[in-house]
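Colleague: Now for the letters of each chain:
Protein chains: 2
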Amino acid sequence: MTSTPAAHDPNKMAVLRRTQAVFSVLLVLFVSPLPCHNVPAYQKPVMVQQTGKVLPKPQMLTVSAEAYTLAMSGFKFTYGSSSQMCDIVDQAFRRYYDLIFVVDGVKKAPVVSKDMSELTELQIMVKEPCTGVYPSLESSENYTLTVAAPMGTLVADSAWGVLRGLETFSQLVYRTDDGMIIINKTTVDDFPRFAHRGILLDTSRHFIPIKYIKQNLDAMAYNKFNVFHWHIVDDPSFPYQSVAFPDLSAKGAFNPYTHLYTQEDVKDVIEYSRLRGIRVVPEFDTPGHTASWGAGLPGFLTPCYDGSAPNGKYYAANPMLNTTYDYMTKLLQEIKDVFPDKYVHLGGDEVSFNCWKSNPDITKFMEKMGFGTDYSKLEEYYIKNILDITTSVGRDYIVWQEVLDNGVQVAKDTVVEVWRRKPPVPTEMARVTAKGLRAILSSCWYLNRISYGVDWGQYYTCEPLNFTGTQAQKDLVIGGEACMWGEYVDGTNLIARLWPRASAVAERLWSNKDVTSMADATVRMDEQRCRMVRRGLNAEPLHPGFCQFEYD
Amino acid sequence: MTSTPAAHDPNKMAVLRRTQAVFSVLLVLFVSPLPCHNVPAYQKPVMVQQTGKVLPKPQMLTVSAEAYTLAMSGFKFTYGSSSQMCDIVDQAFRRYYDLIFVVDGVKKAPVVSKDMSELTELQIMVKEPCTGVYPSLESSENYTLTVAAPMGTLVADSAWGVLRGLETFSQLVYRTDDGMIIINKTTVDDFPRFAHRGILLDTSRHFIPIKYIKQNLDAMAYNKFNVFHWHIVDDPSFPYQSVAFPDLSAKGAFNPYTHLYTQEDVKDVIEYSRLRGIRVVPEFDTPGHTASWGAGLPGFLTPCYDGSAPNGKYYAANPMLNTTYDYMTKLLQEIKDVFPDKYVHLGGDEVSFNCWKSNPDITKFMEKMGFGTDYSKLEEYYIKNILDITTSVGRDYIVWQEVLDNGVQVAKDTVVEVWRRKPPVPTEMARVTAKGLRAILSSCWYLNRISYGVDWGQYYTCEPLNFTGTQAQKDLVIGGEACMWGEYVDGTNLIARLWPRASAVAERLWSNKDVTSMADATVRMDEQRCRMVRRGLNAEPLHPGFCQFEYD
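If you read the sequences in order, they're chains S and U. Here the first sequence is numbered in the UniProt record's numbering, starting from 1 and rising by one per residue. Here the second sequence is numbered in the UniProt record's numbering, starting from 1 and rising by one per residue.
There's no promise every hint is true.
Identical copies carry no separate label here, and so any pair may be met within one copy or between two of them.
[Unchecked claim] With a Cα cut of at most 30 Å, we get these calculated DSSO-like pairs of lysine-lysine:
no. : residue 1 : residue 2
1   : Lys214    : Lys108
2   : Lys107    : Lys211
3   : Lys342    : Lys76
4   : Lys107    : Lys214
5   : Lys214    : Lys267
6   : Lys412    : Lys211
7   : Lys384    : Lys368
8   : Lys127    : Lys435
9   : Lys342    : Lys377
10  : Lys185    : Lys127
11  : Lys211    : Lys108
12  : Lys127    : Lys214
13  : Lys384    : Lys114
14  : Lys330    : Lys214
If you are wondering where the hints come from, they were derived from the structure by calculation, not from laboratory data.
Chain S with its partners taken away, still in its complex shape (with noise of 0.2 Å):
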């Protein structure tokens, strides 16, 4: 059994149960007084049903006590006469028409009061040409959105700034239990805090069929996550085929039939996150983390020995072997021709020199260069060459943590992902900002990471800002990812781990600095995770309670 509710009113609890009203908290509050249990305190159900909260959180927001209904027959979005037109807006439309009328897979038409004025059009209007447009880390999200009867206004400078708006009018919408569609009077003024707001999902300890990738997707735009960080290969398998080396994934997949990211998927993972204003960078980790590598790739991997013999096991890229960058050349330059976006995930991260230093091909390379027995130094040679290959085909690079802390020289427009907790994230943020290098925190913010009972809290309250710097190293800051490592998930439980924990992720990255309160934001979570589920995505629950719409 499981915990002992206090004492309360049951006829103010039923009342309160059958309320229409915004947001009811019943008045059960559990506690939970047996050690053994360890239930966390905070145990009251909750009814959520939409009111038109929206998750991550405007940065000015007004609604008015006004509201309207919206009639399926008589509302419409529409280009206002001086917009620019394209295809993103086109099929934004379309799905949140959908997203706005549809309840469990059936468009029903809503109710419509008399008594109310209708809303009958949402009028967009784009300022810049924004046909085959890819979004980039300086795109402009930001919007102003108008609601007011009979017809509201969408104005933004790019389609990604309509495509945050739509979101942010579709959660504004809400659905009476009688069966009414409202949405209240409000004027939004809306832009993200940091410009980078990632979700790394891991495609190599397993394979995460392309269905549950677009599930994904779908999730970051609920949530105005912008950057699909895709950690697509690793140790355990290489399911990216590529052109210029067919063997990786012939070789290095789970199954090269089963198991693999054809072209056409990446092209279609690419459109699809385009289309909903989600850039796609791509993650090729080296030196290390290569394993899948090695059998698609002859000579790439560097021989361990044990004392003067080979010992029939391979670690990490070679870095003495110009055949090795030769192969980096070509793999980059085919990265580059099939994702669009301008920079790439190069890694860098955990590299253990203990094969290398086994290898007495690698210490008489040691020798030469001068690198005495630093072999640091090794890996920044190596790291130096990839990101000198990187630049000269044409594209910026991410890299890990790792590269700066072990002195790697880097471009100026190198961004660094702050990953581990040592040294302290406040002192790893500082170092690297202080070299004029910008910075994506990544720390806090790992959601593969599970534990019972309400635990989205330490997400929501980690502040990227909390380090001691100038103002000039805050600017630096270009925002954070949500990581869902890979070892323990798959298609299987993909999306209830991640949603609606990443929500709190979404809006520490979006929002003002100084929306801080776990209280307001309970609510909002609340709303985002049941309006989800009623988009059909299965968001786990935070806490016990229900849904005005069940996952079905």
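We have chain S already, so just place chain U on it with the hints.
Modeller: Same frame as chain S, but now just chain U:
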């Protein structure tokens, strides 16, 4: 970034990966040197194919190297000439035919080798009449299975034994990558170690749609569980639609239309369970855990006082009123009519005395009854009445351990469920059985509690008979239950969170006590998880790796 791989031979890795062999363990060993990362050391990716390993491990199993093919058109289940026939077995034939031949929702004719003998028939012999039967604690689940071409035989006393045998048969069958369906020559003589092997679902803290209750019943059947302990109501909500007291759900359900188990739903669940040899034991927990009862059953709960005045709060059944027992009599009569199982779970756990102590009427009643200030006597008085009512309506009962801990006199055929960890589990198990009472263990199987990494070992190694006592005492331990309390669980994450972790409990409760090798169990756990995935359940991964057929 996550983990550092040990050096290994990439070529060997690739060869193994392509091997159509039994359970290829890839040679990549990961270690986690970083305290901040907190990834368990056991990190090898595993390729799991179905190779006919059975979980829970049968008592006696002999598998020969001789293998047969199964052809979809040629294979059939039949009754032996002197066998009993019934709907339970008929429907099991249909289900297992599909489980054997369906891949990705499609019945795909297997490739047949001309070089192998063909198994064309499995002939079933049921000794006892089985039409319309309902399972019980005393049901025989024994079976003997002989697989030899051209005809195998499955012999069992009861239809329940046939169900267990068909599950074993379906697990012995495996599908090769080149499309053949294979079974090896095998003999199995099998029976459960414990008669009560349960899963508790809590449908009060969250409503679980029937769809997921059924998915869980499927998973239970795949793992030879035989008791669905339906913790159907509790403080947060009352989703059971009572015929006698319709207001209980009308006023106590989260929503009386959408978050409700109607009488038809309950019948449906009971029949679905029966056809799988699963008993449905409903729990109506009193006197505590009844907050949701209050609105629908006026006067049932105890008014709490601040000083001399009621404070408007209520807690627990009011044990001094005759109406309380009238209510419970009527409800228990209904429960007897609705639920065919011989047992009802009466709860009786975690009763706080604070409200009772505050109430002056209760104080007077205590004096009148001569209870002094010992409120456990009042609790005993309540429980004793409820137990007597239950007996009088013709049902046996299961209670949580507090009932016994508090000294309530219970009937000799009471079953006590041990769930607390204090007093230590062995102490409690010895105490319960020393009184001649039967015990069920759940303390070590609270699967709602999650943690990061591989956690099923703790469930696997929990031994119910690990206490000091006579053989007669050990014989009183009738089994155990894996509990999935609902604070953080609903349809979005139930299946992934419970399976395959509960498979570890399944094996502990079914297999011989000497089946304790974690290494051996790991192989079967992996195959069982991939088998459940192939059967359409989103059972989550246990460690890095992949299944032949992923969840998609």
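Colleague: Could you work out which earlier hints the structure fails to respect and list their numbers in ascending sequence?
Modeller: Of the numbered hints given earlier, those the structure breaks are 3, 6, 8, 13, listed in rising order.
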